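Asker: The primary structure of each chain is shown beneath.
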Amino acid sequence: MDARPMFPRPMFPRLFPVLLLACVLLLPAAGARAVTVDRVVSPGGIEAWLVQDHTNPIIALRLAFRGGAALDPDDRQGLARMVAGLVDEGAGDLDSRTFQGILNDRSITLNFEAGRETFGGEMQTLTDRADLAFKLLGLALTQPRFDAEPVERIRQQILVNLKRADEQPSSIADNALMGALFPGHPYGRPSRGTAQGLAAVTVDDLRAFAANRFARDNLVIGVTGDITPERLAALLDEHLGALPAKATPWTLPDVAPDTGQAGTIVIRKPVPQSAITFAQPGLKRDDPDYYAAAVLNQILGGSSFTSRLYTEVREKRGLAYSVYTQLYPMDHAALLVGDAGTANARVKETLHQVRTEWERLATQGVTDEELADTKTYLTGSFPLRFTANDRIARMLVAVQLDDLGIDYFDRRNDLIAAVSKEDVNRLARRLLDPKRLVFVVVGEPEGLARLNQ
Amino acid sequence: MHAPRNARRRGARVISIPRDRTPAAAPWLTLGLGLLVGLALLLAALPARAGVFNPETFTLKNGMAVVVVPNHRMPVVNHMVWYRVGSADEPQGKSGIAHFLEHLMFKGTTKYPGGTFSAAVSRNGGRENAFTSYDYTAFHQTVAKDRLPDMMRMESDRMRHLTLTPQDVEMERQVILEERRQRTDNRPSGILAEHVDAALFLNHPYRRPVIGWEHEIRGLTIPDIKAFYDHWYQPENAILVVAGDITAAELKPLAEATYGAIPRGPGPVRARPTEPPQQAARTVTLADARVGQPSWNRTYLAPSYVADLAGVGTHDQALALEILAEVLGGGTSSRLYQALVMGQGIAVSAGAYYSPDSQGPAKFLVYASPRPGVAPEALEAAVTAVVQDLLAGGITQDELDKATARMRDDAVFARDSLRTGARVLGTALAIGRSIQDVETWPERISAVTLDQVAAAARAVLHDERAVTSILLRKEAS
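These protein sequences, in sequence, are chains F and D. When we follow numbering that gives the first Met the number 0, the leftmost residue of the first sequence carries the number 0, and every step to the right adds one. When we follow numbering that gives the first Met the number 0, the leftmost residue of the second sequence carries the number 0, and every step to the right adds one.
For the record, the hints were derived by calculation from the structure and aren't laboratory data. Treat each hint with caution, since some may be false.
Computed spacing ranges between beta-carbons, pair by pair [as the list claims (entries may be wrong)]:
id, chain 1, residue 1, chain 2, residue 2, range
1, D, 62, F, 151, 52 to 62 Å
2, F, 151, D, 286, 53 to 63 Å
3, F, 51, D, 62, 38 to 48 Å
4, D, 286, F, 248, 14 to 24 Å
5, D, 268, F, 419, 54 to 64 Å
6, F, 243, D, 457, 22 to 32 Å
7, F, 40, D, 286, 55 to 65 Å
8, D, 212, F, 230, 54 to 64 Å
9, D, 148, F, 56, 52 to 62 Å
10, F, 358, D, 115, 54 to 64 Å
11, D, 268, F, 51, 21 to 31 Å
Predicted model only: the values in this text are computed from it and were never measured. Cβ coordinates follow ideal geometry from the N, Cα and C atoms, glycine included.
With these hints in hand, go ahead and build the complete structure from the sequences.
Answerer: Encoded structure:
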C-alpha cells in the first residue's frame with residue numbers, strides 16, 4: 000500500500016511515456032557530473048548511443064523500430080503485438096523450446112513490445128555472455144521462425160491478456176476515449192488489438208511484418224553498461240548487419256482530435272469505483288511551446304504530490320487516490336490526458352473539480368512560486384533517471400525517436416529554465432479549454448446527465 | 000510482501016503472473032517499461048537473491064540501525080526509514096491502522112506543517128513515497144546527494160512529532176477507501192485474494208488485508224492511530240537505509256544530528272498469534288460477471304527466511320524452497336510451463352512462486368490460467384500431476400545446477416539499480432534477517448543439495464495445508 004501512486008499508470012501504452020514527458024538532463028546541483036553519451040556507428044553503418052558504465056558486469060540494450068501497432072491493417076489489429084510475442088519464440092536453427100531454454104539458462108533477458116508508434120525491444124545480459132545475447136537478439140530480428148506451436152500459444156496468451164484488460168474499467172475507458180477522439184483513424188482503435196484481428200493473423204502476415212518493418216533505416220538503439228564502443232560496434236555488425244537497409248515505407252495521416260463530442264461519455268459497469276479518463280488536444284513533441292507545456296502540465300496534474308489537481312481533488316476533498324494529467328504527444332496528433340478513480344457517488348464532484356482547475360489555470364495563470372518550484376523539480380529530478388542501466392538505455396532510445404539530438408542531454412535543463420511565466424500563462428490561455436475536454440467514465444456514476452451508453 | 004519473485008524479467012512471457020495482492024510491490028516501477036509483464040518484475044526477481052551489496056552498518060545510541068549501500072554512479076541518494084511494524088501488528092478489530100498512519104505521515108508536523116515536506120522534496124527535484132506491508136512500513140525519498148540533510152531533518156522530525164487533525168484524518172479516510180476500491184473492490188481477483196488469505200491463515204494476522212477491511216477502516220479513530228504511532232514509531236524500532244553516492248563516514252554525523260537526537264522509546268516488541276496445525280484442504284471460489292479470464296491457483300503454507308512452521312518445516316529450508324519454486328515454475332523452461340502451456344496446451348500461463356520475505360509464515364504458490372474452453376478441474380489435475388511427479392522423483396542435478404546458476408546471476412543484476420539494495424536490506428532487517436544472511440545468499444544457494452530440495456517439497460506441498468483458489472466468469476443467466 001503506497002501513500003501515493005508514485006507515477007501515473009501508463010494510460011495509453013506507448014513505448015516510453017515518462018521519458019518523453021520528463022526526460023531531463025544534467026545535474027543542476029554543484030558538482031554536476033555529466034553523463035557521457037557516445038555515438039557509436041559500426042563499420043556497417045548501424046548507429047547506437049552508448050553510456051559506458053563498468054561498475055557491474057551488466058549490459059542493457061534497448062531498441063525501437065519506428066512504426067508500431069497503429070500500422071496494423073484494420074482486419075489484423077494485434078499483428079504487431081503477435082510479432083512482439085513471437086520473435087523470441089524460435090529463430091534460426093533454434094526452435095522455441097531451445098531458444099527460450101538458452102535465455103533462461105544463461106540469464107539473458109530478451110523482450111519485445113508493440114507500442115502504438117514503435118516496435119520496441121530490450122536485452123539485458125551479463126558481460127561474460129554478451130556474444131550469445133547479441134546473437135539471440137540478432138536471430139530474433141533477422142530469422143524469426145514463427146513455428147505453428149508458438150504461434151497458437153502466443154495468440155492464446157495475447158487473447159487472454161486482452162480479456163484481462165477488458166475487465167479493467169480504466170482500460171475500457173482508455174479505449175473508449177481514443178475511439179471518441181480519433182474516429183476512423185488508427186489512433187482510435189484499441190491499442191492492444193482486437194480478438195477478431197488476432198484470430199485472423201496468419202504466419203504470412205507475421206513474416207511480412209518482420210520483412211517490411213525490421214530494417215536499419217528505421218532502427219534506433221541505446222546501450223548502457225559494461226561494454227566499449229569498439230566491442231559494441233563489432234557485435235552490432237555481426238548480429239544485426241543482416242537486417243535489410245530500408246523498411247517498406249508507410250504513411251499515416253496527421254489527425255486533429257475530434258472534440259465535437261466534448262462532454263461526458265458514460266459506460267455502465269458494475270464496479271464501486273468509476274474510472275475517469277479525460278483528454279483535450281495537446282502539443283506535439285516538436286512544438287516550440289513543448290517545454291512551457293511540460294511546466295504547465297506539471298503544475299496542473301504532474302507527477303509530484305503538489306500539483307493543483309492532486310491538491311484539490313485528493314488532498315482537500317478526498318475524491319480520489321490517484322489523479323494526474325500528462326502530455327501525450329504522438330507522431331500525428333497530440334493530447335493532454337488525465338485520469339482519476341472516484342466512488343460512484345462522487346464522480347460528478349470530481350469532474351466538476353477537474354473542469355474548475357482547468358478553467359482557473361486558463362484564466363488566472365500560474366504563480367511565481369509555482370513556476371519556480373516546478374522548474375527546479377523538472378531540472379532537479381534529472382539525475383534520478385540515470386540510476387540504472389536499463390533506464391538510461393530507454394532514455395537513449397526515446398531521445399533518438401523524438402529526434403532531439405545527442406546534445407539534448409546538455410540542453411534540456413536550459414530549455415526548461417528558459418520557460419517564463421508569460422510563456423506558461425499564454426500557453427494556458429491558448430491551450431486549456433474545459434469546453435474541449437472529453438471525459439469517459441466507466442462505472443455506475445450517480446447523477447451524470449449524459450449517458451451515452 | 001513483494002511481487003512474485005519467480006516472475007523474473009528474463010523469460011517473462013506475454014502473460015503476467017497472477018494476482019496475488021502484492022502490497023509493497025515496487026510501485027515506482029509500474030511505469031516505464033511498458034512491457035506487458037511490467038517493470039515490477041525487475042525488482043521482483045531480485046529481493047533477497049541479491050548477494051553482494053557490500054553495505055556498511057552502524058547503530059545510533061538510541062538503538063536505531065543504520066545501513067549504507069554504496070552506489071556511486073550518480074550523485075544521488077535513496078533515503079529510506081523503515082519501521083518494524085506492519086498490518087500484522089494491528090490490534091484485533093482495527094485493521095488498516097498501519098496503512099492509514101502511513102498516509103497520515105504526509106500531513107505534517109508542528110515544525111513542518113501541512114505539505115511542507117512534500118513541497119520541499121518536489122522543489123528539490125526529488126521523488127518520494129511510502130509503503131506498508133504486513134511486517135513493515137517505510138518512507139523514502141530519492142534526491143540529489145546535497146539535499147540529503149534536509150530530507151533527514153524532516154523525516155526524523157515526523158518520527159515523533161506528527162500532527163493529526165480531524166479534518167486531515169477524515170479526508171484521508173476517503174482517499175484510502177478510494178485506494179481500497181481501486182486495488183481490491185473494483186477487481187474480482189483482488190476480492191478473491193483477500194478471501195484466500197483469510198482462509199489460508201487460521202490464526203496469524205496475515206489473514207487480514209494490509210489495507211484493512213472497509214468497515215474497520217471506517218471505524219478507526221484518532222486515538223487508535225495515535226496510540227499505534229506512539230507505540231511503534233520509535234528510533235529503536237526503526238532502520239535508516241541510505242543507498243547511493245555516500246559512505247558511512249559521511250552519513251554518521253548527519254544521522255547522529257537528526258535521528259540520533261530522538262530519545263529512545265519504550266522498545267516495542269512484536270507479539271503475534273501463530274498458526275495451529277492445519278488439517279483441512281480448503282477451496283475458495285469466486286464467480287463474477289466481471290471476470291474475463293478464469294484462473295486457478297493453490298497456495299501452501301510454508302516456512303519463511305526467519306519463521307519456522309511447527310509440524311511443517313524450518314526457516315533453513317527457505318533456500319531449498321526458492322530453488323523448488325524456480326524449477327517447478329520459474330519461467331518458460333520450468334516444469335509447470337513446459338507441461339501445461341507447451342506440452343498439453345491447456346493453459347496460457349502456469350508457474351510457481353515462493354516469497355520467503357516475511358517475519359511469519361510464507362506462502363508457496365502454484366498457478367495456472369486456462370486456454371479457452373479448459374475447465375479449472377483439468378488445470379488442477381495437470382498441476383497436481385506435475386507436483387506429484389516432483390514429490391516422487393525430486394528434481395534433477397541438471398535442474399538444480401541451472402536454477403542455482405540463474406539465481407546467482409540475479410544477485411549480480413541486483414547491484415545495478417540504486418534502489419534494489421536499499422529495498423532488499425531494509426526488508427531483511429525489518430523481518431529479522433541479518434545483513435550477513437543477505438550477503439551470503441549466493442553461496443548458500445549454491446550449497447543446497449538435491450536431497451534438501453526433495454525434503455522441502457515433501458514438507459510443504461500438502462493439500463491439507465493449502466487453499467485452492469478458483470476465479471470464474473459468472474455467465475449471465
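Asker: Against this structure, judge whether each hint is valid.
Answerer: Structure-based check of all given hints:
1. D:62 - F:151: 52 to 62 Å: 60 Å, holds
2. F:151 - D:286: 53 to 63 Å: Roughly 28 Å apart at Cβ, these two residues miss the hinted range, so it is violated.
3. F:51 - D:62: 38 to 48 Å: 43 Å, holds
4. D:286 - F:248: 14 to 24 Å: Violated - the Cβ-Cβ distance for residue 286 of chain D and residue 248 of chain F, about 51 Å, lies outside 14 to 24 Å.
5. D:268 - F:419: 54 to 64 Å: Check passed, 58 Å falls within 54 to 64 Å.
6. F:243 - D:457: 22 to 32 Å: Because 56 Å falls outside the window, the suggested range is violated.
7. F:40 - D:286: 55 to 65 Å: With Cβ atoms ~59 Å apart, the hint holds.
8. D:212 - F:230: 54 to 64 Å: Distance hint for residue 212 of chain D, residue 230 of chain F holds at roughly 57 Å.
9. D:148 - F:56: 52 to 62 Å: 34 Å, violated
10. F:358 - D:115: 54 to 64 Å: 28 Å, violated
11. D:268 - F:51: 21 to 31 Å: Violated, at about 50 Å.
This entry does not satisfy hints 2, 4, 6, 9, 10, 11, going by the numbered hints stated previously.
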